[in-house]
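Participant: Residue strings, one per chain:
Protein chains: 2
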Amino acid sequence: MAEPERIWTAALLVIGDEILSGRTQDKNVAQIALWLNIQGIRLREVRVVADDMAAIGDAVNALRAANDYLFTTGGIGPTHDDITVDAVAAALGLPVVIHEGARAILEAHYAARGGVTEARLRMARVPQGAGLIENPMSGAPGIHIGNIMILAGVPHIAAMMLDSLTGTLEGGRPVVSATIGCNVPESEVADMLAATERAHDGCQIGSYPFFRDGQTGANFVIRSTDVDRLKACEDDLATRLIDMGYEPVAGGI
Amino acid sequence: MAEPERIWTAALLVIGDEILSGRTQDKNVAQIALWLNIQGIRLREVRVVADDMAAIGDAVNALRAANDYLFTTGGIGPTHDDITVDAVAAALGLPVVIHEGARAILEAHYAARGGVTEARLRMARVPQGAGLIENPMSGAPGIHIGNIMILAGVPHIAAMMLDSLTGTLEGGRPVVSATIGCNVPESEVADMLAATERAHDGCQIGSYPFFRDGQTGANFVIRSTDVDRLKACEDDLATRLIDMGYEPVAGGI
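Heads up: the protein sequence lines correspond to chains R and G, in order. Just so you know, our numbering puts 287 at position 54 of the first sequence, and the rest follows in order with no gaps. Just so you know, our numbering puts 404 at position 171 of the second sequence, and the rest follows in order with no gaps.
Please keep in mind that the hints were generated in silico from the structure rather than gathered at the bench. Just so it is clear, the structure is predicted and the values come from calculations on it, not from any experiment. Beta carbons are placed, not taken as given, at the ideal position from N, Cα and C, and that holds for glycine. Incorrect hints may appear among the rest.
Unchecked claim - Distance windows between CB atoms, simulated:
{"no.": "1", "chain 1": "R", "residue 1": "337", "chain 2": "G", "residue 2": "409", "range": "37 to 45 Å"}
{"no.": "2", "chain 1": "G", "residue 1": "478", "chain 2": "R", "residue 2": "298", "range": "44 to 52 Å"}
{"no.": "3", "chain 1": "G", "residue 1": "370", "chain 2": "R", "residue 2": "348", "range": "52 to 60 Å"}
From just these sequences and the hints, can you work out the full model?
Facilitator: Printed below as a string of structure tokens:
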């Protein structure tokens, strides 16, 4: 019997009152999910918590234990509400220290901008033993410690930190997906979808209904880590839709 | 001494592989957060989990115990991947039954659309003892059981279910907020922000940096449940910015 495929998983902890108040629309979940998939790592859970030491610490310890990797976004700037480093360090039982490499990066970045003040030096603080994640944009680096990657909350800075991490994390086979759209109420094909999924080991089918331009329809997303199985399931689903009198639209509607 | 103000809290559990895969950008967190605030209820935590019975059940039990209310979105349609009702019922130790009121709603809705098939009848399944949350749009209702509100995942349908719930949940005083924008690197005012927050009991100040049109700046968001305290803190912050040579922009940049 073949060994079951190792699935690599990650969790994401979004830290910030601004997301929980509804003021800011999160954009990091989707971008990190897509990036992780290319690394062959599956995003298994996301939590959003407030700027609160205990809430962050509890989530960090639950999520880092249950997953291969934990990413955090937010709370690593220079102001009083930026407490991610302190909360992660406390969760790990580590002291917070100034990272000399980070200090050097900040000194270079702020050389022509008034120098490194005490507030700016906050951005060189790390849990003891941590490494840096390069941030070519704004100087202040991200941090990795154990299986935890601490990223910025501003989405385009988080994106650059992900670029720096690309190819550095061990993963498995990425999930590939195919989408078939159809102008059909999903309730009319529900049994067929379930039967199709059962007939194709290693494939999952998700059904995502829409109502658009007066038309009811759904997109069916097939996911697998095996390209051949994915194709077989996609072809079968299209055939079954045609047999029922509907028109499948490859790529979705 | 005045009794400390009772804070009403809610958690949100977003259920769906489509969010964790990055395929779909979540829109329910922000809309539910804003709606909750108007009800005087604070969104304290969000979790996103996959379409998985154990993952949903564990999150439901953790979040309903820690908060006054738990909202869920997603997984209540007619297809095989819609398992929210089963997972919530299992978490509560309740059987799943057909709700006769929900069946009647579906029969009326589908009377001219081919009737209630077995797949459509899935949308009348509820944990035993549950009530319904009206959905004027697509027939299939939301569900409330204990302190749990089970909403649709499609954002405009979730919005209509929130409309149905408006004014029905007990809450406290809503959080009010004021925003001051300023073209200043946040690291230059970090100490002042912390001092301002300390000087104003019952107010929190968040700092949200931006880089736009070649300008570095930040928006400072003050939050409080007390309008007078909010105003005092806002005025003080504006004065301090002016004293440091910066120009505060009321309402943010």
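Participant: Range hint 44 to 52 Å: satisfied by the CB atoms of residue 478(G) and residue 298(R)?
Facilitator: holds, 49 Å
Participant: Evaluate the given range 52 to 60 Å for the C-beta pair formed by residue 370(G) and residue 348(R).
Facilitator: About 58 Å separates the Cβ atoms of residue 370(G) and residue 348(R), which means 52 to 60 Å holds.
Participant: Should the hint that residue 337(R) and residue 409(G) are 37 to 45 Å apart at their CB atoms be regarded as holding?
Facilitator: holds, 43 Å
When each numbered hint is compared with the structure, no violation occurs for any of them.
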